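**Q** Please put together the full structure from these sequences, using the hints given.
2 protein chains.
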Amino acid sequence: MAISLPEIEAALDAVLPRSGERPATLCAAMRWAVEGGGKRIRPQICLAAAEAVGGAAADALMPACAIELLHSYTLVHDDLPAMDNDAERRGKPSVWAKFGEANAILVGDALQALAFETLARTPENRPGTLAKMLAAFGKYAVGVVRGQVEDIADGKKDVPFIYEHKTADLFMSAAVTGALAGGGDDAEVEKLRLFAYHLGLAFQYEDDLLDGDAPCGFDVAAARVRTETDAAIAALNGLPGDTEFLVSLAKRLVDRTR
Amino acid sequence: MAISLPEIEAALDAVLPRSGERPATLCAAMRWAVEGGGKRIRPQICLAAAEAVGGAAADALMPACAIELLHSYTLVHDDLPAMDNDAERRGKPSVWAKFGEANAILVGDALQALAFETLARTPENRPGTLAKMLAAFGKYAVGVVRGQVEDIADGKKDVPFIYEHKTADLFMSAAVTGALAGGGDDAEVEKLRLFAYHLGLAFQYEDDLLDGDAPCGFDVAAARVRTETDAAIAALNGLPGDTEFLVSLAKRLVDRTR
Chain A
350 MAISLPEIEA
360 ALDAVLPRSG
370 ERPATLCAAM
380 RWAVEGGGKR
390 IRPQICLAAA
400 EAVGGAAADA
410 LMPACAIELL
420 HSYTLVHDDL
430 PAMDNDAERR
440 GKPSVWAKFG
450 EANAILVGDA
460 LQALAFETLA
470 RTPENRPGTL
480 AKMLAAFGKY
490 AVGVVRGQVE
500 DIADGKKDVP
510 FIYEHKTADL
520 FMSAAVTGAL
530 AGGGDDAEVE
540 KLRLFAYHLG
550 LAFQYEDDLL
560 DGDAPCGFDV
570 AAARVRTETD
580 AAIAALNGLP
590 GDTEFLVSLA
600 KRLVDRTR
Chain B
350 MAISLPEIEA
360 ALDAVLPRSG
370 ERPATLCAAM
380 RWAVEGGGKR
390 IRPQICLAAA
400 EAVGGAAADA
410 LMPACAIELL
420 HSYTLVHDDL
430 PAMDNDAERR
440 GKPSVWAKFG
450 EANAILVGDA
460 LQALAFETLA
470 RTPENRPGTL
480 AKMLAAFGKY
490 AVGVVRGQVE
500 DIADGKKDVP
510 FIYEHKTADL
520 FMSAAVTGAL
530 AGGGDDAEVE
540 KLRLFAYHLG
550 LAFQYEDDLL
560 DGDAPCGFDV
570 AAARVRTETD
580 AAIAALNGLP
590 GDTEFLVSLA
600 KRLVDRTR
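Chains A and B are the protein sequences, given in the same order.
All residue numbers for the first sequence refer to my numbering, where the first residue is 350 and numbers rise by one.
All residue numbers for the second sequence refer to my numbering, where the first residue is 350 and numbers rise by one.
One thing to keep in mind: the hints can contain errors.
In this list, chains with the same sequence are indistinguishable; a pair is considered to hold if it fits within one copy or across any two.
[Unchecked claim] Below are the DSS-like pairs computed for lysine-lysine, each with C-alpha atoms no more than 30 Å apart in a straight line: (1) Lys447 / Lys505; (2) Lys505 / Lys481; (3) Lys388 / Lys506.
None of these hints come from the bench; they were simulated from the model.
These numbers were taken from a predicted model, which means no experiment stands behind them.
**A** Have a look at this one:
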């Protein structure tokens, strides 16, 4: 792909508040949440989606940052004492453990707002693209919360609903906004949405395997990883641009289980 | 103004999730947070700003709903046990008191996402307007969190900074997005931003008076209510549209103290 991981990091650094901005706690905590350790899978999907429709990855740099900011806010709120109560994230104290619970709630709020603000900075090569990007980004941002509410509910949970929303919605947001930023038409955007839907499910079933906790059973989960990965790759057929990165990403994610 | 309060309520009802949507808890809690009791000052500012630049209030209906959803999310999170720990809001249980703390965090998150999604539904009468609206809405959405982080900080607080961001930013967001949706040019949008800035400060000083707790002293706060209200009304000079509603709103807010 035309944009490297260090370039993604540099772009994230540029959209996050400068250290001189106030309040200093908020700036430091927002950077703490975003910097250090993320694999940046969603921004990579976003950038590669722009290339897959024949556009330039650079056109999708702002949506790529936006989706990572959004993903980061969900992790900050997931870790809260009232939610998963995780004091660690990626080997360092989680935001609430380091900056306090109230600040962590607000840091998540600010990261979500900054995600949308960042999305607005996408160069609009075709009229109407931003409205479509924003509609999709907003819908999936609501969707990821729907998945999380179901996940923390008492009683019997709808696991497919949780996977679809908590995981696949962010992947779809990345792919759809990237394809739109790259100038994709409706049919091309839909192919990328479908790719990301299946990839998100494959990713989630694989996470279950890696965690040693598959609600649907180990064999079913292992089979789903493969069928969803195949479906993801198949969805890319007929796209006008370079899909090599997305195919290799899908295969790499499967390899995590071996 | 051409759009009545019941019409604002109907528009909010239409953008909130239907009762059949899942998870049911999220839908019910989002409606609980938004419905019943709000004075809808910010949506009214937004709609009237569109009229003040010579546009139609109807063009600003989506931003008007978006700003109320955003305002509602800030109240849901402000009330949380880790923040103000308020079990009541507008005479009924606050969202966390009724639906639990974890759900309240998520309800706020979903309301913020829905606010941005709603903004995307604004009819774009001029190319580039949505990007400007989104940039402003995003900036002020970050700003309101900056104000809140300063407000909950330990030690000496910068009270003007808190007022400017926690209160005035939402008023400015309403006025700027409304003016943009109404087709205002840069100079007109700036007049409305300035109106909202001063009105927001007047509103906040007056809240201090009504609460009987003015950090700057009662006399100073009472004087500021008047000077800020005057400055707000003066900022409207030279606008091409109907500013009567905004002037009367500013005067009505002052009258709250008498």
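**Q** Flag every earlier hint the structure violates by its number, smallest first.
**A** 2
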